[in-house]
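Asks: This is what each chain is made of:
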Amino acid sequence: MTWYLIGAIFLLGLWGVIGLKNLVKQVIALSIANSAIIMLFVYYASLSGEDAPIMDTAGIPVDPIPHALMLTAIVVGICIVALALALVYVLYQRYGTLNMDELEDRIWKADD
Amino acid sequence: MTEPVLLILFPLAGSLFSLLGKLVPAKRVCTALALSIFAAMAVVLFLQLPLVLNGENLTYALGGFVREPGISLILDGPAWLASALIVLISLMVAIYSLDRPEFDLRYFFFLLMLVAGMEAVVLTGDIFTMFVSLEIIAIAAYVLIAWEKSDEGLLASLKYLFLSSVGILFFLLGVFIVYRDLGTLSFAVIAERIAELKTDPVVLGALSGENRFPEKIGSILQGYPGRSINFALAALCVGIGVRTAFIPFHTWLPEAHAWAPHPVSALLSGVLIKTSFFALFRILAVFHAFHMHSMLMWLGSITALVAVGWALAQSDSKRLLAYHSISQMGYILAAAGAASVFSVPAAYTHAINHALFKGLLFLAIGHAIHMVGERNLFRIGPLGRRSPLIALALLFGALSISGIPPFNGFVSKQLISHALDGSPAYILLWLTAVGTTASFIKLSRIALPGPKDISGFRRHDSNHRHSAATVIPLVILSVLVLLSGVYGAGYTRFVWRLVGDPSVTAVEFPALFKVDKFTDSLIILLLGIALYFLVMSPVGKRVAKRVSGVAPKLGTVLTFFVFGLALFSIAAWR
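Here the protein sequences come in this chain order: A and B.
If you're matching positions, the first sequence starts at 122 in this note's numbering and goes up one per residue.
If you're matching positions, the second sequence starts at -14 in this note's numbering and goes up one per residue.
Hints were generated in silico from the structure; no laboratory data involved.
Values in this document were obtained by computation on a predicted structure and should not be read as measured data.
Keep in mind that a hint or two might mislead.
[Said to hold, decoys possible] With a cut-off of at most 25 Å between alpha-carbon atoms, the simulated BS3-like pairs for lysine-lysine come out as follows:
id, chain 1, residue 1, chain 2, residue 2
1, B, Lys538, B, Lys526
2, A, Lys230, B, Lys538
3, A, Lys230, B, Lys530
4, B, Lys134, B, Lys12
5, B, Lys134, B, Lys7
6, B, Lys526, A, Lys230
7, A, Lys146, B, Lys134
8, A, Lys230, A, Lys142
9, B, Lys538, A, Lys142
10, B, Lys538, B, Lys134
11, B, Lys134, A, Lys142
12, A, Lys146, B, Lys538
13, A, Lys230, B, Lys134
Chain A extracted, bound-state conformation:
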């Protein structure tokens, strides 16, 4: 069940990036899709044991590698989202719109 749920969250985020017409929402959707991948790793690792991976634990320790990987992925994801929001903010200040199609029409068609 959890696998399907994570898959649904990923697809939801992907649909948001492709289908929504508001750049802020698209950035949030990107972040959601990214979180789904992170949950995928973390959930998978959580199945591998029953205790925290600290020395001398009583139970079987979980696999710590996916967690370590995901810490990096989370940091990278935050950088991307922050940068994307900064770009969206500047473009909004200049053009007063959050619609990517409209921005592309107004900025790139103006050159010809």
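Use these hints to put chain B onto chain A, whose structure you have.
Replies: Just chain B now, with coordinates in the frame of chain A:
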């Protein structure tokens, strides 16, 4: 002293110096320190060369963690060649950026981060480090594309950000499947396990049983162990494919490369897309994905032809060059996908040559735009008499990309035609060569002699003079473009020793400078001239306006993306 990790640490240290320059007043000292790291990297590469040529111990464990979760670096022949290319082009770009006030120390910080990221991508020995390095590259590239804060640059950066972030999500999904099915991230171990899978189908079941904690996994793909690894391969290819910019993932490139600051365009077109190509090639090799090669060959040929069609229609000089970058990546991909012992050396030679001449072209055009204050190639005007250096540099670049002997484009195109010998895909590449020639005849109008003083110059009066920082990279790249063509035979032999198949001992190189090769070039040149007049005719101009007006929106592009993933999944299935 010769650990390859220094190749990554030096640029990081250089970016630290750049940041220090913001705090202390000695800005010149900090710039010099930041740039001296390129010399240090060159020394490391030089010291490593004998080891690489001998094929000795090429894997370096970081921090002494030899066992598998530890991170290792691989400095083999292809990685050496790629990092040497990165050092060379980045140094040229850094020198070129020196005397512009808009490129301050913060700019050098991002530039050196980009260099560190690229080095890490080509040297890394595991798939997750590759992901992190790709993201370092990406973040630095987004900032650099938007550096001038023009509307176009900001939007191009945002579009690139959306596309490559979605791509990298798929890459991460691929990493997950690799880790789940093979229980490892290191390239060496992945290659071993995939080889086991290939040789013995019974291992398929055993492998999924050997999975670390089989009884607890309720995977959707559980019923198809071993098969899901094919999907992982497709996802990894798509994630890198967005950066490599072949069709259908190319749509971000023209805008991003055209609206980035000029030296950044040279860096992006010169090495950044090559870096992701090298990464793609490493992944294909690790996964033994020879069954995907013919698809890559066709994809590359189609990319080359379609992109050159778009390039012909452009009147914006930098966008024309950007479309040619896509087209030349198509060449490289087609060469890499050909089933021949020459395919890999041909692809690498062309990748290096393209980096040299496209870097030269972008820097020269960039300087012309900077002087005149105009991007449209019909309005830049003939600069030949005003600035012979730029005209000559442009001419060298144009002759090289059109494959005219004795420039280096000719050499690598001969190798590619040798590698693709007899394949129907070569016809597409041959047509591409005609289109390339035609569009560079169009661009070469900038190099015509023309009047000594045209009105446009008054607008940017202070930009007339050529400083040493502009001249040096243009001269060095022009000389390299010429020399690597004239000494093409020795140069291709050197590339072969680094990237060629070591099991093939008796290798026969195609003779480069022969009469029939020249006649082939001549036919292409004549057809190119004919095509040029066709494009410049009234009908051609109308078609060109239509074609260049076609620009898919972000939503459409992302839909392409899903199709691309489906295509790769089908191709990766076995």
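Asks: For every hint, state whether the structure bears it out.
Replies: For each hint, the structure was consulted:
1. B/Lys538 x B/Lys526: 24 Å, holds
2. A/Lys230 x B/Lys538: Roughly 12 Å separates the two Cα atoms, so the pair holds.
3. A/Lys230 x B/Lys530: 12 Å, holds
4. B/Lys134 x B/Lys12: 23 Å, holds
5. B/Lys134 x B/Lys7: This hinted pair holds, its Cα atoms lying about 20 Å apart.
6. B/Lys526 x A/Lys230: With a Cα-Cα distance of about 18 Å, the restraint between lysine 526 of chain B and lysine 230 of chain A holds, given a limit of 25 Å.
7. A/Lys146 x B/Lys134: 23 Å, holds
8. A/Lys230 x A/Lys142: Cα-Cα ~19 Å, so holds.
9. B/Lys538 x A/Lys142: Holds, at about 11 Å.
10. B/Lys538 x B/Lys134: 21 Å, holds
11. B/Lys134 x A/Lys142: Status holds; Cα separation ~24 Å.
12. A/Lys146 x B/Lys538: 17 Å, holds
13. A/Lys230 x B/Lys134: At roughly 18 Å apart (the allowed maximum being 25 Å), lysine 134 of chain B and lysine 230 of chain A satisfy the hint.
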